[in-house]
Structure formats: C-alpha cells, structure tokens
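Single-letter residue listing:
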Amino acid sequence: MASLDRKTVEKIAQLAHLKLSEEELLHYEKQLSVILDYMQVIQQAQVKLPEGWRSDTEQMNLSERVDQAEHSQVMEKVLKCAPKTVGTAFQVPRILE
Amino acid sequence: MPHLEILQMNARDIASKVQSGQLAAERTAEAFAQHIENHQLLINSHIEWDKAHVLAEVDKQIAYIEAAKFAGKPLPLAGVPIAIKDNILVEGQAISCGSRILQGYRASYDATVIQKLRSAGALLFGRTNLDEFAMGSSSEHSAYGPTLNPWNRAHVAGGSSGGSAAAVAAGFTPLALGSDTGGSVRQPAAFCGVVGLKPSYGRVSRYGLVAYASSLDQIGTLARDVQDTELLYRVIAGYDEHDGTSYPEPSPDALKDWSESLKGKKIAFVKEFMGAGIQDEVQQAFAAALASLKEAGAELHEISIPSLSLAIPVYYIIASAEASSNLARFDGIRYGHRSQKSGLALRELYQQSRSEGFGREVKQRIMLGTYVLSSGYYDAYYAQATKLRELLKQEFNAHFQAGIDAIVSPTSPVTAFPLGQNVSDPLAMYLSDIYTIAANLLGIPALSLPMGRDHKDLPIGLQWMAPAFQEEQLLRSALVYERKRTGFESIRPGLR
Chain B
104 MASLDRKTVE KIAQLAHLKL SEEELLHYEK QLSVILDYMQ VIQQAQVKLP EGWRSDTEQM
164 NLSERVDQAE HSQVMEKVLK CAPKTVGTAF QVPRILE
Chain G
15 MPHLEILQMN ARDIASKVQS GQLAAERTAE AFAQHIENHQ LLINSHIEWD KAHVLAEVDK
75 QIAYIEAAKF AGKPLPLAGV PIAIKDNILV EGQAISCGSR ILQGYRASYD ATVIQKLRSA
135 GALLFGRTNL DEFAMGSSSE HSAYGPTLNP WNRAHVAGGS SGGSAAAVAA GFTPLALGSD
195 TGGSVRQPAA FCGVVGLKPS YGRVSRYGLV AYASSLDQIG TLARDVQDTE LLYRVIAGYD
255 EHDGTSYPEP SPDALKDWSE SLKGKKIAFV KEFMGAGIQD EVQQAFAAAL ASLKEAGAEL
315 HEISIPSLSL AIPVYYIIAS AEASSNLARF DGIRYGHRSQ KSGLALRELY QQSRSEGFGR
375 EVKQRIMLGT YVLSSGYYDA YYAQATKLRE LLKQEFNAHF QAGIDAIVSP TSPVTAFPLG
435 QNVSDPLAMY LSDIYTIAAN LLGIPALSLP MGRDHKDLPI GLQWMAPAFQ EEQLLRSALV
495 YERKRTGFES IRPGLR
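So the sequence lines, in the order shown, correspond to chains B and G. Going by the working numbering, the first sequence opens with residue 104, and the numbers climb by one from there. Going by the working numbering, the second sequence opens with residue 15, and the numbers climb by one from there.
Please note: incorrect hints may appear among the correct ones.
[Said to hold, decoys possible] Think about it this way: if two alpha-carbon atoms lie no more than 20 Å apart in a straight line, the pair counts; the simulated EDC-like pairs of lysine to aspartate or glutamate are:
1) Lys180/B / Glu105/G
2) Lys133/B / Glu375/G
3) Lys183/B / Asp124/G
Keep in mind the hints are simulated off the structure, nothing from the lab.
Let the hints inform the model, and build the full structure from the sequences given.
Have a look at this one:
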C-alpha cells in the first residue's frame, strides 16, 4: 500500500493544513515513502484479541468534578498571547477563498 | 563555601544545608548561575539563559524559603537549581518547544510540576533546548541549534531532552526536568552519563506539558545519581485533578529501608534486544552489568517478547497520529506565529502560518500521522498499531506476572553519535529507539543510569524497566547497581 506518490503527499499536506514548496514535496515524497515502506511490516501480523480488549482505556480515572460554574479569570492572559485581537475576540481573516 | 565546592554538591545535600542554614540559597544560585554564564554557549544547553532574570526570580523564591524555614515547613528542594525543558509551561515566561511557531507566546499558567517545584523551594534555572516539539533523538531538530554532548562536543547530547541532560552532565544544575515519549529522557541521560527516570504513565501530571503524543508522554527527571532522582521524583509525582490520566494512588517512599542486595530479585534480559546493530562496547558493558547484578544476588533470566520486532512501527504510527492531532492547535489565531503575508483567507492563513513556523521533522511527523489516520489507511495502520500495542503489553505482563521483577537492557544500541550523522536518514534515528519505546507503549516506569564508557569516553547507559507503578522497586534495584558498579565512577560534572 505504501510508496507515496506526489498527489498523495499533496493531499496529506492539505489535510494537515501545511503548504509545501516544490522542493519540500519532493523531499517528503521520498522520506515518507521510505518510512511507510518500513511501517508496512505491521500489516502482516495477525492479531487476535478478545472482545473488550481496550485495556488502555480501562485505567482511566473518570471521577467527575463538581458541576459548579466558576470564573476562569484567564481572559486577559489569553488575549495577551493572541497575534491579532479585536476587543475580546480573536481576529480572523475571511473564511471563503 | 567556595563556588567550586558548591558546584560539586548534589541536590539532597544542597537542600539539607540550605534548610539547616549552613548554606545560603543566594550563594548556591550565584555559584551555578556563574558556571552557566561561563560555559553555556559551549554546549548550547539552554534556549534562553538570562542570568539577571533568573536571579531576580530566585530572590522571590528565597523570600519564600526563608518564610518556610521560619514556619518550620520542610522544603525538599530548598535552594536547588533546576533546569526546565522548554516544553513545560512556566507562567509569564516565553516557551518555544524548540520551534519558531510559538514566537511571542508567553505561558499563561504554571504547569503542575512547576507549582510543585516552587512549593518545594527549588530555583528555576532557565529553559533548556530540545528537539522541536520533543520529536527527535538528538536535539539537532531544534530551531535554536543543536545541543552538544559535554563529554565530547563533536557528538550529540541525545534527545529530545538533550538540553536538560547536558545541563546536568556539565554541572550547570544538579537537577533538570525533561519529557519522555519514546525515550526522550532516558536516551539523552545515557548519552550524557546522567540518571534519567521516566515514571509510570499517570504518576506525574501532564498539565502544562505541551503535548506531543498524549498516550505516551510523561515528564521525567534528570539527575546525577539515583538518590537525587528519587528526591525529585517524590516532589513531582502525585495525583492532579487537572490531568484526566493522573493516577490516584500516592507513591510510597521509594528508598526507605533500601538494602544493598538484589537477593531474591528476578531480573530479565530480552532475547529480541540482543540482535545486530549494537555497538561492541555497549554489548560488553551490558555483559559486565549483568555480571554485577548476579554478584549482587539477582537471579538472571532470559525472556522472549516476540512482538518487539514490530515495536518501532507501532510506536511511530501511534506517536505521529497523536502528534498530528495535538499540533493541529498551532494555527496562528490564538497564540504563536501568524503569517504576515497579506490577502490570505482563513485556510491559507493556517497553511502559511504552520508552514512558516514548523521545522522539517515536525512537518514530516504531522504528515505521517495525518496519513495513518486518514480514510482508507486508518485500519491498516493506526487501528492495527493499537492492537499490536495491546499484544505487546500482554507479552510483557505475562513475564511480570510470572515473577519477573525488572527487565534490563542497554538504553541505546549506540553511544552518542556524531553531529549530523543521522539527521537526513529518516529511519536511522527511529531505529535507535528500539530499547526505550516499549516503556512508553506500556506506560511502565523506566530508568537509565551510566554503566560504562566507550573508547571515545562517551557514556553508556543501562536501562531498567519495572511493572507499572513500581517506581519504588525500580529505584531501589538501580541504587544497588549504582553502588556496586565499577565501569563508571560517580559523575564529576564538568565539560571536557
């Protein structure tokens, strides 16, 4: 299944919200193909696991917190970090291209 | 006390002398700050080292230490300088994660571990270098230059917590914090000849650690020896309601009543780890370590874990997938770098900001992660990797349940490689993680401590793994080995 072609790399870049230069597209096409060719080996493994095998979610400590509204007091700190704000909002450019 | 003498002290001695009034915290701070000031640029351990700023913050902390002394409140890290890996949030301070994408950002809160360090009287001593977003095994993938190995500056310090490990090895601070997702505390510890601990998943709060792979990340400790490691571990471990994956049980006092013997301990070494690609001297040092353990009374067993042959793809598929999700938040809107290019619509702004801000390795892993999660490939890669992870866990647990107390191996198949050697080879770097990733995939505690040196004087690390939440047992056994070893005398910090 592996060995990526250029079109696939472009699609992945789009999904990942990355804009790649010509040079980068060639670079990643090569790198990712090598890596994915190697990763293919896991597909040969036959794994038989019983129903409800997700032990990684078993351990979760899902104790609930008290449902009490509190002031977060972070608005100022958060807005201070933003590159562009308008009042108490983050400024974004138009959505449609 | 002269500066030189202070620099040789370990953390527990500093803390006890500062608390008893025999040593002034100001003096400790001065000694270490001057040492860093004089030598930091030689190894580039720090992304930011601002002596004036550090000492100004130290003054505030000293007032707290005095007040605590007066009130009779014990401070386990009183006056101890500690360097912090630059992916852990310290309120009001810049944080880069080794990247350009967080330029201009200042942390809006303290990580839980930082709060605990402050409470314990520790002195925060600068932000250390790392591979960008903790993705890497050499600290060469930082936007702020590589960190050099204090033992031989033509070689890497390891990664991703290279800055922290190098800082401790060079004697800049007795302690440091790092983060470990696939070996990023243990491997640089091995390369730099210090002790690195990755606690069990859930032992240390991840609140305030910039996430790389959320099911694998843990904050870990870097120190000169096992006792200092235990001291720092005790301070940072514990349940935190801000971290939904935090383990609720408290950690027992690990080194209480420890004994000099490993009698009755069943220690295993893994057949699948002894394959090709191990440096001869690493092999020899490991054989000597096993002999040491036997002499100390341990029962050695060879065990087999067949799924280990697939551990690396499993790790990188899961880690990249989680990373692609975690790094989606860096879009230039709420914080960090926002592209200055004009006329961009929203989606273009995301693309431009991210592409300008992220480095090569990070982009690669984001794309790898995006691919293995995408429609049509999810089952073959991510879902399959998750199942194999479970299988690996079961194979390890079968041995632990059969009575194995600990598993030992070299921490890395090679010693610190030369700068630039592995940077362009996509697989070489990944393959060298073979010994460390299992502990993250399983969530079990693991530690690296020095067991020898190679002909270039580069340190060789011995890794210990124990069942989940058995840090007590892990630290005690490691301490016995540390006391008995002859291949590596107690670290005398400095630069060579």
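Status of the hints after comparison with the structure:
no.	hint	result
1	Lys180/B / Glu105/G	10 Å, holds
2	Lys133/B / Glu375/G	14 Å, holds
3	Lys183/B / Asp124/G	16 Å, holds
In summary, this structure violates none of the numbered hints.
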